[in-house]
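Please construct the entire structure, taking both the sequences and the accompanying hints into account.
Those letters in the sequence shown? Residues 1 to 184, per our numbering, in order.
By construction, these hints were calculated from the structure, which means they are not laboratory data.
A hint or two may mislead.
Claimed, not checked - Now the in silico label distances, taken between C-beta atoms and shown as ranges:
1. Q67 x P168: 35 to 45 Å
2. G102 x E58: 33 to 43 Å
3. S171 x A100: 20 to 30 Å
4. P149 x D6: 34 to 44 Å
Using N, Cα and C, we set each Cβ at its ideal position, and we do this for glycine too.
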Amino acid sequence: MTTLTDRPNTALLVVDVQQGVVTGAHQRDPVVANIGALVDRARDAGVPVVWVAHSDEELPQDSDDWQYVPELARQESEPLVHKHYGDAFEGTDLEAVLDAAGVGRLVVAGAESDACIRSTIHGGFTRGYDVTLVGDAHTAGDKSAWGAPPVEQVIAHTNLYWRFQAAPGRSAGVVETKDVTFTG
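Right under this line is the structure:
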């Protein structure tokens, strides 16, 4: 249903599962394990896996904190998109990477639910992609000291509102890792 013409393919988008981002995150180990299972299934199905890595003053590129967690290993042939904003499309080559692969549907997992995941799923959707969020494969750190709800509520709310996202010619949805399909 994507509004992007001649883009029938799906990609798994793995966002910011970097050491300095997910250390101490809610349910870190099960979420990383779910993402690892998704990466394996995507590779087995011949579906592109696109990795996104955030950097800024607090997360300098190539630092130890900037590195992806050791449980997730990017293959050399898989694109790595460098970003500096929450939305992985802003100021990056993500759109060109997806266009070259004929991708019109995204399956999204990673961190942080209330920041880069939220921004990226909205960014993809408004650009015409069908966007599926993997409900048990995204997480965030605790921001309750700044007035945010507890992380489990942030994740539940993100899953709830994305389940009901709608726009002409596009689809949005939330599925659990075990239910992910890489076909439209």
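Could you see if the CB distance from Q67 to P168 stays within 35 to 45 Å?
Since Q67 and P168 have Cβ atoms about 40 Å apart, the given range 35 to 45 Å holds.
May I ask you to test the hint 33 to 43 Å on the CB atoms belonging to G102 and E58?
36 Å, holds
Given the hint of 34 to 44 Å, check if P149 and D6 actually sit that far apart at their C-beta atoms.
Between P149 and D6, where Cβ atoms are some 41 Å apart, the hint holds.
Verdict for S171, A100 (Cβ pair) under range 20 to 30 Å
Given about 23 Å between the Cβ atoms, the range holds.
Going through the hint list in order, the structure satisfies each hint without exception.
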